[in-house]
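K.L.:
Quick note: the sequence shown uses the numbering used here, first residue 2, plus one each step.
Derived from the structure by calculation, the hints contain no laboratory data. Hints should not be assumed to be uniformly reliable.
Stated by the list, open to error - Ranges between beta-carbon positions, derived for each pair:
1. Leu502 to Glu354: 51 to 61 Å
2. Lys158 to Lys282: 40 to 50 Å
3. Lys526 to Asp355: 40 to 50 Å
4. Ala53 to Ala149: 30 to 40 Å
5. Gly270 to Pro419: 31 to 41 Å
6. Glu315 to Met218: 28 to 38 Å
Claimed, not checked - Calculated cross-link-like contacts (lysine-lysine; reagent style DSS-like; alpha-carbon spacing at most 27 Å):
7. Lys51 to Lys242
8. Lys260 to Lys241
9. Lys414 to Lys479
10. Lys617 to Lys414
11. Lys592 to Lys608
12. Lys493 to Lys316
13. Lys157 to Lys106
14. Lys282 to Lys260
15. Lys539 to Lys526
16. Lys134 to Lys100
17. Lys475 to Lys517
18. Lys475 to Lys489
19. Lys405 to Lys70
20. Lys624 to Lys414
21. Lys316 to Lys285
All figures in this text were calculated on a predicted structure; none of them were measured in a lab. Cβ coordinates follow ideal geometry from the N, Cα and C atoms, glycine included.
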Amino acid sequence: MKKFDVFYRGSFAGIGILAAAIFTGACASDSGSGDISSPSQNRKSSVSPKVAGAVSDAMHFPCEDGSVKFSGVLGGELDASMKGDMLSWDVDDLVRPFKTRPENKLWQIEFWGKWFTSAALAYSYEPSGQLDKILKYAASELLKTQAADGSITTYKKGAEFSGWDIWGRKYVLLGLLAEYARTGDAGVLDAAKKHADNIMASVGEGKKIGNICEIGMWQGMASSSLLEPMVLLYKYTGDKKYLDYSEWIVSCWAKDNPKPDLVSKALAGTYVVDMFAKPKKGAKEYMDGGLSKSYEMMSCYEGLLELYRITGNEKYKRAAVNAAKAIAEREITVLGSGSIWERWTDGKFCQQEDSEHWMETCVSATWIKFCAQLLRLTGDPSYADGIELAAYNALAAAQRADGKWWAHYSRMKGVRTPAPEQSGMHMNCCVASGPRALFLLPKIAYMSGKGNSVYVNLYENGFGKVGVPSVDGKVTLKVSGVDFGAQKLRAKILLEMPGGLHTFSVCLRIPSWSKKTEISVNGQKAASPDAGIYAVLKRDWKSGDEIEIEFDSRAFVERDPSNPSLVAVRRGPYVYALDRRYDPSFDKPFKPALDGNDFLKSAVPVKVDGAASALKVGGIDGKSRIFVDYPSAGSTWGKDSEFRVWQ
Numbered sequence: 002m003k004k005f006d007v008f009y010r011g012s013f014a015g016i017g018i019l020a021a022a023i024f025t026g027a028c029a030s031d032s033g034s035g036d037i038s039s040p041s042q043n044r045k046s047s048v049s050p051k052v053a054g055a056v057s058d059a060m061h062f063p064c065e066d067g068s069v070k071f072s073g074v075l076g077g078e079l080d081a082s083m084k085g086d087m088l089s090w091d092v093d094d095l096v097r098p099f100k101t102r103p104e105n106k107l108w109q110i111e112f113w114g115k116w117f118t119s120a121a122l123a124y125s126y127e128p129s130g131q132l133d134k135i136l137k138y139a140a141s142e143l144l145k146t147q148a149a150d151g152s153i154t155t156y157k158k159g160a161e162f163s164g165w166d167i168w169g170r171k172y173v174l175l176g177l178l179a180e181y182a183r184t185g186d187a188g189v190l191d192a193a194k195k196h197a198d199n200i201m202a203s204v205g206e207g208k209k210i211g212n213i214c215e216i217g218m219w220q221g222m223a224s225s226s227l228l229e230p231m232v233l234l235y236k237y238t239g240d241k242k243y244l245d246y247s248e249w250i251v252s253c254w255a256k257d258n259p260k261p262d263l264v265s266k267a268l269a270g271t272y273v274v275d276m277f278a279k280p281k282k283g284a285k286e287y288m289d290g291g292l293s294k295s296y297e298m299m300s301c302y303e304g305l306l307e308l309y310r311i312t313g314n315e316k317y318k319r320a321a322v323n324a325a326k327a328i329a330e331r332e333i334t335v336l337g338s339g340s341i342w343e344r345w346t347d348g349k350f351c352q353q354e355d356s357e358h359w360m361e362t363c364v365s366a367t368w369i370k371f372c373a374q375l376l377r378l379t380g381d382p383s384y385a386d387g388i389e390l391a392a393y394n395a396l397a398a399a400q401r402a403d404g405k406w407w408a409h410y411s412r413m414k415g416v417r418t419p420a421p422e423q424s425g426m427h428m429n430c431c432v433a434s435g436p437r438a439l440f441l442l443p444k445i446a447y448m449s450g451k452g453n454s455v456y457v458n459l460y461e462n463g464f465g466k467v468g469v470p471s472v473d474g475k476v477t478l479k480v481s482g483v484d485f486g487a488q489k490l491r492a493k494i495l496l497e498m499p500g501g502l503h504t505f506s507v508c509l510r511i512p513s514w515s516k517k518t519e520i521s522v523n524g525q526k527a528a529s530p531d532a533g534i535y536a537v538l539k540r541d542w543k544s545g546d547e548i549e550i551e552f553d554s555r556a557f558v559e560r561d562p563s564n565p566s567l568v569a570v571r572r573g574p575y576v577y578a579l580d581r582r583y584d585p586s587f588d589k590p591f592k593p594a595l596d597g598n599d600f601l602k603s604a605v606p607v608k609v610d611g612a613a614s615a616l617k618v619g620g621i622d623g624k625s626r627i628f629v630d631y632p633s634a635g636s637t638w639g640k641d642s643e644f645r646v647w648q
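Kindly produce the complete structure, drawing on both the sequences and the hints.
P.N.:
Set out below in structure tokens:
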């Protein structure tokens, strides 16, 4: 061994961005091209943007389709979604409302684009001829509905540019850009330009509608979230009119009526719940939940960050930094997501509220996407912590076991319920949103960075292939031994690469929950890093080298910030809950026995049917109760698996 340096990299001050379509600009070698371009397996994106942008990323996603495979618990979630949704959805049903244009106020218009961007990410994860055929069919059928004026919409003549129309047209544009990035089909890009131009002809400075925030829902946030695909369209075409239009959208935020003012408010440090009317105390009806709509607000900040990436305008970055910080500090619950009734509500401090409407899946998915953007731009491991907590808990719990449907909400206690069908279709906004985050997780798991660095952000059995300039080819990381229900929490990473010795850094995220971590390389102790940082192992690596990480296997509790006597049990990435199937007295009080540092005195991993992970937890009364991981709790979606998180 010629060189072996260990150093640590912690939180950055900055924040970052990435595209919602399919995270355009993720691949280091193509200077900003999308991840999906042509139908061949293991292919590198062939579509390069016309504009590289003013800001470069700290991390980059793998450049080739099929570069990552999960075979752990998240792999099971991906497989279920692929079979139950991506390969089996009725595409004709998604296209039908674009042919008939029946809408004047609802949101059938969003479903095609949300499903399509999910399927494009699914193709990048596991490319196949079958899914390629489905995606091409879905795109071609949609394009048949494009009107002579360029519009692609479900809204009736006379109702255009009202209600959710521009919000849905945004998803059409994201879907078309995803297909262009995937295939390089110039006809698809041309259709996207005509679609955007149709909007700009009616909505813009000096146009029929002079303020985009006057259109649509939630203080103009829904319609002005069009910002994101407009910036992406500029990146792909180099046509400055799309950049100018993007800047115009941001300028509308500062105009009166309704004046969402998302930049100035965030720069002033306004909490997201305080940006608009707050929820009414004791709210009983949907519209009593306030006006700080979580999903739409984060979508706007995603677009603002794309604009930052192009322009380098630090004001845009700082605004997004502050918004994300406020969300993390005041809204994200123990389960990794936030919102009640789809609105921000200072949720971290009201987690005992007995609501059926906790943590909309659209919010969980968008928070993961938002964090992924920040991680990619900044390299700050705290965003990976946020992704992990949400993915293993709120997101995974929301998908039905067969992958065919999702829950609209992830509650703290009670019974999981399926999302209702919406807008007269067999579809729901959360059913369409969930896979968009799910199929992003493999891209997040293994990333390349500046200075010949490989990053490991999520620990799942399987493999990841990452390009490293100092290696003539790719480094393959084969991960095994990960079982969050085992006695010991650990991961083994076997490195494979061509040739002999290669100097580069392997950057291992040390989760914030792992207070004691030991790392060895080829059986020799290498580091004992702190939690919440990257342990950076820089050395001369060769094929066959093996890294072993022993994480902190102790279970601990997270206390309710508003009532510290109430606790939630945690171990590894999971939150645990009592479930009627394993404990008929699940709804009776229980206090786990703790040491002086909030670690459980007795928490023994056990195997139970129907749970990915289970703990036998000792209480202060000397009795023990069986806790199961949050996604397994309530997994029958019936009264027989009623559950409770807080104790």
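K.L.:
If you test the structure against every hint from before, which numbers come out violated?
P.N.:
The structure breaks hints 9, 12, 17, 18 and 21; every other hint is satisfied.
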